[in-house]
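There are 2 protein chains.
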Amino acid sequence: MTRIVVDAMGSDNYPTPDVEGAVMAAREYGAEILLVGDASKIQPILDSSDGKTLPIRVIHAPEMLTMHDKGEDLVMKARHKDAKNSIAVGLDLVKKGEADAFVTAGNTGAAMVTSLFRLGRIRGVDRPALVGPFPTATGRCLILDIGANPNCEPLNLQQFAIMGSVYAERVRGIQNPRIGLISNGEEAGKGSELVKEAYPLLSNAKINFVGNVEGKEIFNGHVDVAVTDGFTGNVFLKATEAVAKLLIEKIRETIKGGNLPTKIGGALVRPALGSIRKMLDPSEEGAAPLLGVNGLVFIGHGRSDAQAMKSAVRVAMAAAEAKVLDAMKSAIEESLKK
Amino acid sequence: MTRIVVDAMGSDNYPTPDVEGAVMAAREYGAEILLVGDASKIQPILDSSDGKTLPIRVIHAPEMLTMHDKGEDLVMKARHKDAKNSIAVGLDLVKKGEADAFVTAGNTGAAMVTSLFRLGRIRGVDRPALVGPFPTATGRCLILDIGANPNCEPLNLQQFAIMGSVYAERVRGIQNPRIGLISNGEEAGKGSELVKEAYPLLSNAKINFVGNVEGKEIFNGHVDVAVTDGFTGNVFLKATEAVAKLLIEKIRETIKGGNLPTKIGGALVRPALGSIRKMLDPSEEGAAPLLGVNGLVFIGHGRSDAQAMKSAVRVAMAAAEAKVLDAMKSAIEESLKK
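Taken in order, these protein sequences are the chains called D and C. One point on numbering: in this note's numbering, the residue at position 103 of the first sequence is 103, and numbering is uninterrupted. One point on numbering: in this note's numbering, the residue at position 189 of the second sequence is 189, and numbering is uninterrupted.
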């Protein structure tokens, strides 16, 4: 049975959505859940969720990391041998082999830093990357890095490409995934210095590299994975989220402020607009994998509800069952031989 | 009378939209137009546009730059003393003081490189920047650079901020424009090395610097100008264009494939969706200013129609009449004194 650690203290409305989502995942997917956090807060929700017969264990962690944990203070909490915060305690379960993956909707920075210190990195990977699954005309495109590393070297991008390729193939079931390099032009010579130097490294890697891509290729579904540095990836993520939100608000506003036929039309198309919102909803995907650390880590949005937490556990299970960590390790080892 | 040079050979469907747009601008805005390009191709369109009484002159330029002009070959054509391509001939008219601004819908790279060689730079500006006017919840946000410089130094971003501020104030009439620095987080310490080093330079400039911004702040209308390097700006531009296009297509598709009430609703909201498309339509703005070269240059989309060309001339006129070039020169001089 696949064992997933769920941080009960992660989401903005912790621990209710975190615990309820974990219960739903245990019930629907048959996951074994290790709930980490303040036991006195977790237990009442667990009791009222009618999950007594489910394979759920509570691991007490009296402390928690919050949005205020950053800088040196965070590093201290992340690396302390006897750390008692839920993220560190949860990650140690993965480290010790007592669980297969870790899921949190907590502070992304805190989760990344703590993962790095508690799990270490995959041999040959210099920097881990956070992966964002973006909606496209035909499905999803994985973009990495969306924020772990604002400054990258060309070799980092090659490692991201290899890990992203393995992840897309193993976890998302895409045969020979198409990998693109985000640039300001499709031609091979186009790009920042970083992109120009990364291009030959991606060409030489054992991946299906299709060259530079722009927004068009990503949202058309022409690539399965798009590689970039964490600064560009994060700007990309925030920009597309914001423009999509603006557009949907403008449409709603225009319909609301329109004449009677427009208002009637608006009411009639509402379900259709709902399906678009669902496509854009990050909770459909649950959480972003952090690739490159020596263990499976999934970081969800702070706004995650129980549904999103459940989805996050599903994705973590799929990754564990696909043995994607071992596959990434082999692919990276292979790349070091050349 | 403000004199605008229009490249008749720029747009994908040259010279018809270019010439027709110029005629419309001469008629509606009273601009004096200098149409540069192949006279034998321009004249018939001019004759059929009923513009004989308008202040339009044709300047013959037998050659043209195309999408295929790049690299060293382009540099040669851009700098050649006796260059006969329409962009070079048109820019020389501005250089010699025979015109106040230059408008083209031609190859962006070719227009930038030729501008740099024919006009030179404003004293104190190391790199020119291309400015994109993005739609927001409350109006427009100017983003620069959207593609002139894939690699930037911190000082370039300070210069972009000063020029963008002057442009927003003079041409768009915004009092004390709010300037943001695009980053992967709003906090002052967040960003790539470039952003971290640029932050204090923007803080010290004589502008209304409001700090780091993400997509949210830009599309909410919290800043009037957002500064970034040309790689990030271009990725931002292409990503937001592509996601907006995907969204509108998905909505159309969902309505089309929906049940009868949804289809009826779709027909009723169509005018409302049209107004959203108009908001996103780059032809509303006409063209992007290239700031930092020693002359007023506006570069439109290759897909520009006559309407877009007309808008481009309107924007170029506004910039010339606002004496924005002189104001930018003074502001940059001022910044050098410190």
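Rather than coming from a laboratory, the hints here were simulated on the basis of the structure. Please note that the accuracy of each hint is not assured.
Estimated spans, in silico, between C-beta atoms of each pair [to be verified]: (1) D:Pro200 / C:Glu193: 21 to 29 Å; (2) D:Pro200 / C:Leu260: 29 to 37 Å; (3) C:Asn176 / D:Asp73: 31 to 39 Å; (4) D:Asp73 / C:Asp126: 49 to 57 Å; (5) D:Lys216 / C:Lys84: 54 to 62 Å; (6) C:Lys256 / D:Lys256: 17 to 25 Å; (7) C:Ala267 / D:Pro200: 32 to 40 Å; (8) C:Glu63 / D:Arg270: 15 to 23 Å.
No more than 20 Å apart at the CA atoms, straight line, and that leaves these computed lysine to aspartate or glutamate pairs for EDC-like [said to hold, decoys possible]: (9) C:Lys278 / D:Glu249; (10) C:Lys250 / D:Glu249; (11) D:Lys70 / C:Glu187; (12) C:Lys70 / D:Glu187; (13) C:Lys245 / D:Glu241; (14) D:Lys216 / C:Glu241; (15) C:Lys250 / D:Glu187.
Beta carbons: idealized from backbone N, C-alpha and C, even for Gly.
Hint by hint, here is what the structure shows:
1. D:Pro200 / C:Glu193: 21 to 29 Å: For Pro200 of chain D and Glu193 of chain C the Cβ distance comes to about 23 Å; the hint holds.
2. D:Pro200 / C:Leu260: 29 to 37 Å: 55 Å Cβ-Cβ, so the 29 to 37 Å window is violated.
3. C:Asn176 / D:Asp73: 31 to 39 Å: holds (37 Å)
4. D:Asp73 / C:Asp126: 49 to 57 Å: Given range 49 to 57 Å: violated, Cβ gap about 39 Å.
5. D:Lys216 / C:Lys84: 54 to 62 Å: With Cβ atoms ~35 Å apart, the hint is violated.
6. C:Lys256 / D:Lys256: 17 to 25 Å: Since Lys256 of chain C and Lys256 of chain D have Cβ atoms about 23 Å apart, the given range 17 to 25 Å holds.
7. C:Ala267 / D:Pro200: 32 to 40 Å: Given a distance of about 52 Å, which is not inside 32 to 40 Å, the answer is violated.
8. C:Glu63 / D:Arg270: 15 to 23 Å: Cβ of Glu63 of chain C to Cβ of Arg270 of chain D: about 56 Å, so the range 15 to 23 Å is violated.
9. C:Lys278 / D:Glu249: holds (15 Å)
10. C:Lys250 / D:Glu249: Roughly 16 Å between the alpha carbons, so the hint for Lys250 of chain C and Glu249 of chain D holds.
11. D:Lys70 / C:Glu187: Holds, at about 12 Å.
12. C:Lys70 / D:Glu187: holds (12 Å)
13. C:Lys245 / D:Glu241: Satisfied, since the Cα-Cα distance of roughly 14 Å is no more than 20 Å.
14. D:Lys216 / C:Glu241: holds (8 Å)
15. C:Lys250 / D:Glu187: Violated: Lys250 of chain C and Glu187 of chain D sit about 28 Å apart, past 20 Å.
When each numbered hint is compared with the structure, violations occur for hints 2, 4, 5, 7, 8 and 15.
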